[in-house]
Every structure is written in structure tokens, then in C-alpha cells.
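Those sequence lines, one after another, are chains A and B.
If you read the first sequence in my numbering, its first letter stands for residue 1, the second for the next number, and so on.
If you read the second sequence in my numbering, its first letter stands for residue 1, the second for the next number, and so on.
No lab work stands behind these hints: they were computed from the structure.
Just so it is clear, the structure is predicted and the values come from calculations on it, not from any experiment.
Check each hint, because a few of them may be wrong.
Non-contacting residues of chain A with respect to chain B, defined by C-beta distances greater than 10 Å in every case (computed) [what the hints assert, rightly or not]: (1) 26; (2) 57; (3) 78; (4) 79; (5) 98; (6) 154; (7) 171; (8) 176; (9) 205; (10) 211; (11) 237; (12) 243.
SDA-like cross-link-like pairs, simulated, lysine to any residue; straight-line CA separation at most 25 Å [to be verified]: (13) A:225 x B:243; (14) B:225 x A:230; (15) A:206 x B:240; (16) A:225 x B:143; (17) B:225 x A:160; (18) A:225 x B:192; (19) B:225 x A:163; (20) B:206 x B:139; (21) A:123 x A:205; (22) B:225 x A:243; (23) A:225 x A:243; (24) B:123 x A:160; (25) A:123 x B:245; (26) B:78 x B:88; (27) B:225 x A:238; (28) A:206 x B:243; (29) B:225 x A:239; (30) A:225 x B:123; (31) A:78 x A:140; (32) A:225 x B:166; (33) B:206 x A:249; (34) A:78 x A:206; (35) A:225 x B:232; (36) A:225 x B:206; (37) B:225 x A:205.
DEER-style ranges, computed between Cβ atoms [claimed, not checked]: (38) B:218 x A:65: 58 to 68 Å; (39) A:32 x B:23: 37 to 47 Å; (40) B:242 x A:10: 17 to 27 Å.
Don't be surprised by glycine CBs; every beta carbon is placed ideally from N, CA and C.
Number of protein chains: 2
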Amino acid sequence: MTYCVALYLRDGIVCLSDTRTNAGVDHIATYAKTFTVEEPGTRALVLMTAGNLATTQAVVGEVVDGRAFEGGAGRTLKQAETMTAAAEIVGAAVRRVHDRVAESLEAADGRFDATFILGGQIKDGPMRVFQIYTAGNFVEASEETPFLQIGEHKYGKPILDRAMRHDLAIADGAKLALVSLDSTLRSNLSVGLPADLTIIKRDAHKIETHRRITEDDAYFVQLRKSWSDALRAALAETPGAPWLSGDDQSAPRDTNAQTD
Amino acid sequence: MTYCVALYLRDGIVCLSDTRTNAGVDHIATYAKTFTVEEPGTRALVLMTAGNLATTQAVVGEVVDGRAFEGGAGRTLKQAETMTAAAEIVGAAVRRVHDRVAESLEAADGRFDATFILGGQIKDGPMRVFQIYTAGNFVEASEETPFLQIGEHKYGKPILDRAMRHDLAIADGAKLALVSLDSTLRSNLSVGLPADLTIIKRDAHKIETHRRITEDDAYFVQLRKSWSDALRAALAETPGAPWLSGDDQSAPRDTNAQTD
Chain A
1 MTYCVALYLR
11 DGIVCLSDTR
21 TNAGVDHIAT
31 YAKTFTVEEP
41 GTRALVLMTA
51 GNLATTQAVV
61 GEVVDGRAFE
71 GGAGRTLKQA
81 ETMTAAAEIV
91 GAAVRRVHDR
101 VAESLEAADG
111 RFDATFILGG
121 QIKDGPMRVF
131 QIYTAGNFVE
141 ASEETPFLQI
151 GEHKYGKPIL
161 DRAMRHDLAI
171 ADGAKLALVS
181 LDSTLRSNLS
191 VGLPADLTII
201 KRDAHKIETH
211 RRITEDDAYF
221 VQLRKSWSDA
231 LRAALAETPG
241 APWLSGDDQS
251 APRDTNAQTD
Chain B
1 MTYCVALYLR
11 DGIVCLSDTR
21 TNAGVDHIAT
31 YAKTFTVEEP
41 GTRALVLMTA
51 GNLATTQAVV
61 GEVVDGRAFE
71 GGAGRTLKQA
81 ETMTAAAEIV
91 GAAVRRVHDR
101 VAESLEAADG
111 RFDATFILGG
121 QIKDGPMRVF
131 QIYTAGNFVE
141 ASEETPFLQI
151 GEHKYGKPIL
161 DRAMRHDLAI
171 ADGAKLALVS
181 LDSTLRSNLS
191 VGLPADLTII
201 KRDAHKIETH
211 RRITEDDAYF
221 VQLRKSWSDA
231 LRAALAETPG
241 APWLSGDDQS
251 APRDTNAQTD
């Protein structure tokens, strides 16, 4: 399984993906699911993948590495003139891979399944973030719907629904994405560290941050702990229902002790 | 869709269910999914249901209402001598309904799908909480795994994973169940209010609280707001990543303004 989230912010894009792949519970591996394309001063793009690994690797091979596909060279993200053209390049690659493998995959009881998040900015065009579906079609994030998720998205969604806004600062966006990932890690073993965090700032035309976050990452360790503590403290501080008897209420808590 | 959660606490059981049923997005109805069986001084049980409504109503009809099923009278929860026997009565009813309808249901492209949470206490036996599967088999909550969920469970799970403990006070459990439901309501339109909250205290052998919580419930309105505020405040107070530049950090916030 996979968890990838992209936040579309006023000042840039924050992308975060896990790296776990599994075929059953006893065939676990680590593969990057985030790929970047950069021409400083001209373009900076990030592509995240979810779904069947053979399929997503084939698509990435065509659109990022520019590996020729059977039947001629495909276009790559380096050649896209606009972000919409870039999304169309990914969509077309998904459909080509589908045409090659879907029938054999289904004959082997597999399922053709590949989704992508593509974000970035090219030349004078706007910064944009797209989610590309298995059929190769796509939707775009907006100020009203400022985040996109692929893979195991449900556990990490409640905090985004409550706290995500297009005008968050980039550092707050990074925190929020990491908290959303942490909620997913705790609830689904098939999503695992390390994670890849990528930040592209608006009009910078470069990959600002591309950081691999491991179990030992001091900031992530601290964030996980302080977030859990904050949730438990928030719960303790919220008043109990007035229609429950006093006997059922917890004793007043020492919040410091509570968060130790 | 449905969301039901049961918390197995030292001092009792807290159960919460929504009431929305839907067949597509334009066929929405409100049905209770929580049923209680009470003999003051002897037994108090709560049964919550998820899945195909015709199936769950048939099971409830047999085990709660004691309606005779085709072929003879079934045993009901009022007749169970122990909680394990009660879970077996529900499991047997699920299998009987399966035998009657599964074939026709599948012929009509339907799916036999019914899961249950059963909690309570009978006479001198211990308080127990079971999750009963579509096949009629069941698992039990424990001090180490002190909550069970059925239906659309993922959105409401992160807060339970972080904050649920067997030794929470009952009022804290009620808060936690309501927060977990709120996370689900925000993320999935097919889960909807009103909700039914049921509390059975250990050794009380009666339904302590059975409260319908509507959109207008003053406590739930306050809880939803204060929880959202607390989450946003917690996010604002968590330090930003030291490896991001100062420009990307948000300005220090006035937490009071933040939580207004």
C-alpha cells in the first residue's frame, strides 16, 4: 500500500510519500514513490505514484527517465511546455502501459491500478497540482480543494479536513503533511517509513527541499510525540457531557503529567 | 454506510452509532442501528449493526424482537445465559438469514454483508464486547485492544489509536467516541446524524444512558468546535522543521485569535 499527499499552498507545493511496497505481508520492500524533474530557472516538477509497482515504474520510466517505449520514444516531463501538457504526458503513458499489460495482468488475476499526483510549475505558467487516475484522466487541486491524496488516504484525511487551508505557511504545510502521514503509519502497517518530503516554492523553478525522513529523523520523532501529547491533552481539556453523572467524569488532570 | 464504535472500558461500555442508510446518493434514510436488551438487575446488552439493511433488520428481528423465523422460533438475547451465548445467538441468526437470502441477493448483484457489535453483561458473568462477522463468527475486545469498529471505520481510527485506553473514565470515553464519529461525519457524507450513544456501566445490569444526539445537541456542537480549535491550536504550537528556512515558517500566532 501507499500514502501520498500533496498540499497546494499559496506559496508553493508540499508533497509527501511513504516508500513501502508489499505483495502480501511477507514480501515488503522499500521503493521511492516520489520523482522529481528539475531545470533550474525553467521548471520544477514532482511526480508521486500509487498502485501496482510494475505499472507505476513503467510509467515513470517513460515520463521521467525518458526511456523509449516499445513503438517509439514517448514524450517526457522535461519536454512539456505547460503543466497541463505534463499531466497529459503522464496520462498518455498510463494508457500506453495499460494497452500493453492490462490483459495479461487480468489473466493473472492482477488488476491494472496506477494513480499519480503531479505538481509543479513550468516557465511563466501557474503552479498546479493534478491527480491522474488509472484511466489517464485527471483533476486539479484548487484553493477550495487544496489537497490531493492517493493510496491509503482515509486515516490521514480527518486532520487535513480540519486544518488544511490554501494560505498555510509552507512550514505549517510540512507539519500537517507529516501528521497526516503519521496517522496513516499508525493505522496501516502496509504504509511505512522512510518518507520522501518534497517542497517546490512558487516561482522558484527549483526543488527547494527533497528530504528523506527516516525513523530516526529527530524532527519527525519530536513531531510524532508532541502531536500525540497534544491530542491527549486536547481530549482531557474538552469538557465532559453535562448529561453524564459526576461519577463518570475523570478527575481533574495535571496536564504536565498527562503529556509526559 | 455506517459508523459504529464500542469502547471497552474498565468501568463500562460506551457504544455510538450513526443512523444514516443509503442506497446511492439519492436514497437516504434514517434508521436506528443500535438496539438494547435490558432486564434490570439481570442483564443489559447493546447490539449495533452495519451492512445491508434488510439483512441486519432480519437478524435484529430474530434476536432482539424475538420474531419467529421461518422454520421455528430462534433464541433471543433475552434467553442467553452468558455473553458468549449471546454472541453465538447473533452469529447463528446471521447464518440463518444468509441461508435464506444470500443466493437471491447475489443473483440480484447484491452482496450478503452484515456485521455487528454486541456488548454487555449478564448476571454474574463478566462485561464483554464482541464483533460478529458476516460469517457469524466473532472476536472479543480486550484490555490491549479496547475498541471495536464496524462500517466506515478508517476516518475515526487515528484518534482512537492515539487516545483510547481501557482505563479511561466513562465520560472521557464518550468524548472520544463522539470525536471519532465527528471525524467520520466530516469525511464521509454517507455517515450522518443523529447518532445513538449507549452506556452500560459494569455490574449495573441496566442501560445507564441511551441518548439520541442530533445536529442541535448543545454538547456535541460545542465538542465539535472545541475539538477543531484544539487541533488547529496544536498544529500551530508544534515547532516547524528546523531544516526549513525561516521564511517558510508562519508568524507567531495569537492562539486566542486562532481559536475564535
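Going down the list of hints, with the structure as the test:
1. 26: 23 Å, holds
2. 57: 28 Å, holds
3. 78: About 27 Å separates residue 78 of chain A from the closest Cβ of chain B, which puts it past 10 Å; holds.
4. 79: 31 Å, holds
5. 98: 26 Å, holds
6. 154: 4 Å, violated
7. 171: 4 Å, violated
8. 176: 6 Å, violated
9. 205: 17 Å, holds
10. 211: At about 7 Å from chain B, residue 211 of chain A fails to clear the 10 Å cut-off, so the statement is violated.
11. 237: 7 Å, violated
12. 243: Violated: least Cβ distance 7 Å, not greater than 10 Å.
13. A:225 x B:243: 19 Å, holds
14. B:225 x A:230: 16 Å, holds
15. A:206 x B:240: Given pair residue 206 of chain A, residue 240 of chain B holds - Cα atoms ~22 Å apart, limit 25 Å.
16. A:225 x B:143: It holds: about 23 Å lies between the C-alpha atoms, which stays within 25 Å.
17. B:225 x A:160: 16 Å, holds
18. A:225 x B:192: 32 Å, violated
19. B:225 x A:163: Holds, at roughly 13 Å.
20. B:206 x B:139: 24 Å, holds
21. A:123 x A:205: 8 Å, holds
22. B:225 x A:243: It holds: about 19 Å lies between the C-alpha atoms, which stays within 25 Å.
23. A:225 x A:243: 33 Å, violated
24. B:123 x A:160: This hinted pair is violated, its Cα atoms lying about 46 Å apart.
25. A:123 x B:245: 24 Å, holds
26. B:78 x B:88: 13 Å, holds
27. B:225 x A:238: 10 Å, holds
28. A:206 x B:243: 17 Å, holds
29. B:225 x A:239: 12 Å, holds
30. A:225 x B:123: Outside the cut-off at roughly 43 Å; violated.
31. A:78 x A:140: 20 Å, holds
32. A:225 x B:166: Roughly 21 Å between the alpha carbons, so the hint for residue 225 of chain A and residue 166 of chain B holds.
33. B:206 x A:249: 19 Å, holds
34. A:78 x A:206: Holds, because 13 Å separates the two Cα atoms, which is no more than 25 Å.
35. A:225 x B:232: 17 Å, holds
36. A:225 x B:206: 40 Å, violated
37. B:225 x A:205: 40 Å, violated
38. B:218 x A:65: 58 to 68 Å: 59 Å, holds
39. A:32 x B:23: 37 to 47 Å: Given range 37 to 47 Å: holds, Cβ gap about 42 Å.
40. B:242 x A:10: 17 to 27 Å: 23 Å, holds
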